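K.L.:
Sequence lines, in order, name chains P and S.
Residue numbering for the first sequence follows our numbering, beginning at 1 and increasing consecutively.
Residue numbering for the second sequence follows our numbering, beginning at 1 and increasing consecutively.
In short, the hints are calculated from the structure, not lab data.
Just so it is clear, the structure is predicted and the values come from calculations on it, not from any experiment.
Mixed in with the good hints, there may be bad ones.
Identical chains blur together in the list; that is why a pair holds if it fits in one copy or across any two.
Derived pair list, reagent style DMTMM-like, types lysine to aspartate or glutamate, alpha-carbon separation capped at 20 Å [as the list claims (entries may be wrong)]:
no.	residue 1	residue 2
1	Lys90	Glu324
2	Lys212	Glu182
3	Lys212	Asp243
4	Lys212	Asp241
5	Lys15	Asp170
6	Lys128	Glu324
7	Lys234	Asp4
8	Lys189	Glu335
9	Lys65	Asp6
10	Lys233	Asp4
11	Lys240	Asp6
12	Lys189	Asp238
2 protein chains.
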Amino acid sequence: MITDMDNFTLHMPTKVIFGRGTETGVGQEVRKHSGNILLHYGGGSIKRTGLYDRVVESLEKAGIKFAELGGVVPNPRLSMVRKGIELCRKEGIDFILAVGGGSVIDSSKAIAAGAPYEGDVWDFFTKKTVIKNPLKVGVILTISAAGSEMSPSMVITNEEGGRKLSARSDLSRPVFSILNPELTFTLPKKQIAYGSADMFAHIVERYFTNTKNVDVTDEMCEAVMRSIIRNSKKAVADPKDYDAQAELMWAGTVAHNGILGTGREEDWASHKIEHELSAAYDIAHGAGLAVIIPAWMKYVYKHDTARFARYGRNVFHVFEKDDEKAALMGIKETEKFFSSLGLETTLKGLGIGGSRFEEMSRLAAKPEPIGNFVSLDAGDIVKIYRLALG
Amino acid sequence: MITDMDNFTLHMPTKVIFGRGTETGVGQEVRKHSGNILLHYGGGSIKRTGLYDRVVESLEKAGIKFAELGGVVPNPRLSMVRKGIELCRKEGIDFILAVGGGSVIDSSKAIAAGAPYEGDVWDFFTKKTVIKNPLKVGVILTISAAGSEMSPSMVITNEEGGRKLSARSDLSRPVFSILNPELTFTLPKKQIAYGSADMFAHIVERYFTNTKNVDVTDEMCEAVMRSIIRNSKKAVADPKDYDAQAELMWAGTVAHNGILGTGREEDWASHKIEHELSAAYDIAHGAGLAVIIPAWMKYVYKHDTARFARYGRNVFHVFEKDDEKAALMGIKETEKFFSSLGLETTLKGLGIGGSRFEEMSRLAAKPEPIGNFVSLDAGDIVKIYRLALG
Numbered sequence: 001m002i003t004d005m006d007n008f009t010l011h012m013p014t015k016v017i018f019g020r021g022t023e024t025g026v027g028q029e030v031r032k033h034s035g036n037i038l039l040h041y042g043g044g045s046i047k048r049t050g051l052y053d054r055v056v057e058s059l060e061k062a063g064i065k066f067a068e069l070g071g072v073v074p075n076p077r078l079s080m081v082r083k084g085i086e087l088c089r090k091e092g093i094d095f096i097l098a099v100g101g102g103s104v105i106d107s108s109k110a111i112a113a114g115a116p117y118e119g120d121v122w123d124f125f126t127k128k129t130v131i132k133n134p135l136k137v138g139v140i141l142t143i144s145a146a147g148s149e150m151s152p153s154m155v156i157t158n159e160e161g162g163r164k165l166s167a168r169s170d171l172s173r174p175v176f177s178i179l180n181p182e183l184t185f186t187l188p189k190k191q192i193a194y195g196s197a198d199m200f201a202h203i204v205e206r207y208f209t210n211t212k213n214v215d216v217t218d219e220m221c222e223a224v225m226r227s228i229i230r231n232s233k234k235a236v237a238d239p240k241d242y243d244a245q246a247e248l249m250w251a252g253t254v255a256h257n258g259i260l261g262t263g264r265e266e267d268w269a270s271h272k273i274e275h276e277l278s279a280a281y282d283i284a285h286g287a288g289l290a291v292i293i294p295a296w297m298k299y300v301y302k303h304d305t306a307r308f309a310r311y312g313r314n315v316f317h318v319f320e321k322d323d324e325k326a327a328l329m330g331i332k333e334t335e336k337f338f339s340s341l342g343l344e345t346t347l348k349g350l351g352i353g354g355s356r357f358e359e360m361s362r363l364a365a366k367p368e369p370i371g372n373f374v375s376l377d378a379g380d381i382v383k384i385y386r387l388a389l390g
Numbered sequence: 001m002i003t004d005m006d007n008f009t010l011h012m013p014t015k016v017i018f019g020r021g022t023e024t025g026v027g028q029e030v031r032k033h034s035g036n037i038l039l040h041y042g043g044g045s046i047k048r049t050g051l052y053d054r055v056v057e058s059l060e061k062a063g064i065k066f067a068e069l070g071g072v073v074p075n076p077r078l079s080m081v082r083k084g085i086e087l088c089r090k091e092g093i094d095f096i097l098a099v100g101g102g103s104v105i106d107s108s109k110a111i112a113a114g115a116p117y118e119g120d121v122w123d124f125f126t127k128k129t130v131i132k133n134p135l136k137v138g139v140i141l142t143i144s145a146a147g148s149e150m151s152p153s154m155v156i157t158n159e160e161g162g163r164k165l166s167a168r169s170d171l172s173r174p175v176f177s178i179l180n181p182e183l184t185f186t187l188p189k190k191q192i193a194y195g196s197a198d199m200f201a202h203i204v205e206r207y208f209t210n211t212k213n214v215d216v217t218d219e220m221c222e223a224v225m226r227s228i229i230r231n232s233k234k235a236v237a238d239p240k241d242y243d244a245q246a247e248l249m250w251a252g253t254v255a256h257n258g259i260l261g262t263g264r265e266e267d268w269a270s271h272k273i274e275h276e277l278s279a280a281y282d283i284a285h286g287a288g289l290a291v292i293i294p295a296w297m298k299y300v301y302k303h304d305t306a307r308f309a310r311y312g313r314n315v316f317h318v319f320e321k322d323d324e325k326a327a328l329m330g331i332k333e334t335e336k337f338f339s340s341l342g343l344e345t346t347l348k349g350l351g352i353g354g355s356r357f358e359e360m361s362r363l364a365a366k367p368e369p370i371g372n373f374v375s376l377d378a379g380d381i382v383k384i385y386r387l388a389l390g
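Please build the complete structure, drawing on both the sequences and the hints.
P.N.:
Structure, rendered in structure tokens:
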């Protein structure tokens with residue numbers, strides 16, 4: 001048990017450009033870094049909304065040459081990353097502009113890491129080697145969720161084998177991120193709910209720690225969680241509520257840029273348990289988290305009942321003196337929060353049964369047990385999937 | 001009246017290296033930027049504590065050539081800045097290592113801004129011109145207070161005329177800051193109290209705003225204020241309490257790096273009113289703030305009683321339904337908090353009378369009224385000084 005604040009390094013050089021209309025300045029911002037870029041995006045939504053046209057106009061006005069690669073899908077694929085790397089090499093590209101959400105940004109970061117590397121880009125994810133001298137990445141964010149817009153990490157799915165793995169480097173943080181909440185006005189309510197669950201989970205993974213005496217960070221975690229709860233409900237109710245969408249966008253960025261994890265051991269078991277789920281069933285990451293987070297909480301809370309009681313009291317305003325009761329009420333409130341956004345909180349609700357629990361648990365605990373708050377092996381993970389069944 | 005979150009740009013590229021023993025790696029960190037630096041510090045304390053020797057050893061081990069300039073005083077002087085600029089030019093220096101607190105860091109930033117500039121460095125403070133291409137600055141922090149270790153701003157006193165003015169540029173943010181809470185163990189309790197008042201005031205200046213719907217930032221401001229209150233009391237009671245000093249050091253950095261001011265208009269009247277006080281009487285900045293902040297609050301609270309009531313309730317746990325009463329109780333609690341640290345909360349307590357109120361008020365309101373929460377002219381400022389008299 002660590003008894004006081006851990007040493008830490010925090011380096012978040014991403015320039016945040018936040019607010020209405022900010023995407024129209026993207027050309028000038030890119031110009032500071034490059035004149036020959038890859039424009040990377042997902043499906044057709046950025047063309048439907050007119051965002052694509054505004055971006056292209058701004059790039060052309062700034063005299064920036066660009067190649068295009070669209071078609072990134074949720075749970076972004078290694079094959080797309082390889083295609084991007086090839087294109088960057090062929091065109092002598094040194095900058096990638098990601099226009100989209102976490103999937104597009106993660107795909108961009110992986111391309112940026114892989115392009116200058118002689119070996120196979122998957123090596124960064126299997127931890128065979130570390131990222132060195134990646135290309136630069138800039139972002140125009142279109143969904144508040146993953147926090148990849150200011151984070152050092154990326155998650156890619158290798159479709160040969162269905163494995164979803166992460167890599168991270170401070171060098172992979174975007175050089176700039178343009179955050180215009182108006183770009184989220186056209187999102188389906190379901191997407192807003194998934195995104196809210198994702199950012200909330202990013203804080204849960206940092207909040208439940210064995211490091212004692214990390215008071216500033218604890219307070220800030222609770223502060224941002226409360227704000228996500230309030231504003232996600234408003235944004236789902238009315239996706240054109242600028243204030244709610246703005247708070248959610250900024251909360252999602254702060255949730256994952258590292259500042260809420262300073263000086264403490266983080267957990268990350270729930271994310272790994274969910275990654276196997278979305279790799280196996282190709283569900284949205286946020287949908288999986290809304291199921292896994294409460295199940296994980298039920299399985300581990302006795303490890304530090306007082307901490308879970310504090311969570312219930314400070315995040316959900318549970319008014320209960322008894323720690324055990326307050327802890328359980330906090331977990332119940334977490335489920336209610338996800339439900340209030342229209343999310344399922346059981347695997348059954350998602351139409352998923354128990355047939356692959358053993359296989360997913362083995363993969364999640366490979367090569368070693370996961371989680372720092374409580375270390376979980378394959379046997380534990382099966383039990384968590386069962387608790388999630390509903 | 002602005003009704004929703006303002007657009008903003010936030011760029012905090014300072015690499016934070018936090019924890020026990022971290023200063024021993026300073027040579028390697030500097031090496032990434034320069035081989036020929038200015039080592040800038042204050043009085044004799046860094047030599048007495050052995051910090052100076054550790055820094056010099058680390059620099060020498062990394063093969064870094066350095067010139068030295070010590071003797072920075074609180075309310076750092078323009079004459080010292082000019083001396084530093086001359087030295088940098090003579091020795092072809094391109095990096096300044098600040099070992100000390102806010103005064104040393106601010107002096108370093110001003111030298112860094114002035115060295116490559118053809119005109120007079122005071123031009124940046126009179127706003128005649130803006131900072132371009134400053135030298136790089138690195139920091140080893142020895143007191144939790146000013147937040148200059150990650151901020152874009154600096155405050156310098158021009159002793160010809162006794163004016164204390166600020167300048168700011170994102171280019172002036174240090175490239176790295178080494179924050180070892182152990183370095184604050186030897187501080188006099190008074191200094192810890194001054195520092196705590198200073199960082200608390202940095203949040204007050206951001207918290208009281210006319211911008212509505214800045215929920216994430218409001219929540220985070222309150223979170224860090226609560227943490228400062230708790231931990232400053234502990235640190236003053238026992239300066240060798242690592243946990244308390246660590247929280248205070250991180251809180252002081254977060255309080256002023258910009259993240260608690262995102263998306264909102266900030267105030268800064270109290271700082272300007274205090275700057276005239278410490279320029280006139282050469283008192284510690286934190287000592288002046290503990291007097292000015294409550295007086296400012298009493299003068300302006302009716303402008304937004306509900307906001308002050310929220311402050312009382314959320315920061316000081318005031319349990320009172322009536323807004324007017326809760327607001328006044330919050331202000332009273334602010335005074336009690338400063339008193340609990342051993343600080344005076346009246347000018348009389350500091351031995352200062354009213355003889356220079358008119359003169360200081362005129363200077364503070366020059367060239368224009370100050371404050372954004374409530375705009376204050378010289379007539380208002382005199383009244384605030386009078387409220388502060390006690």
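K.L.:
Going through the numbered hints above, which ones does this structure break? Give me the numbers in ascending order.
P.N.:
1, 6, 9
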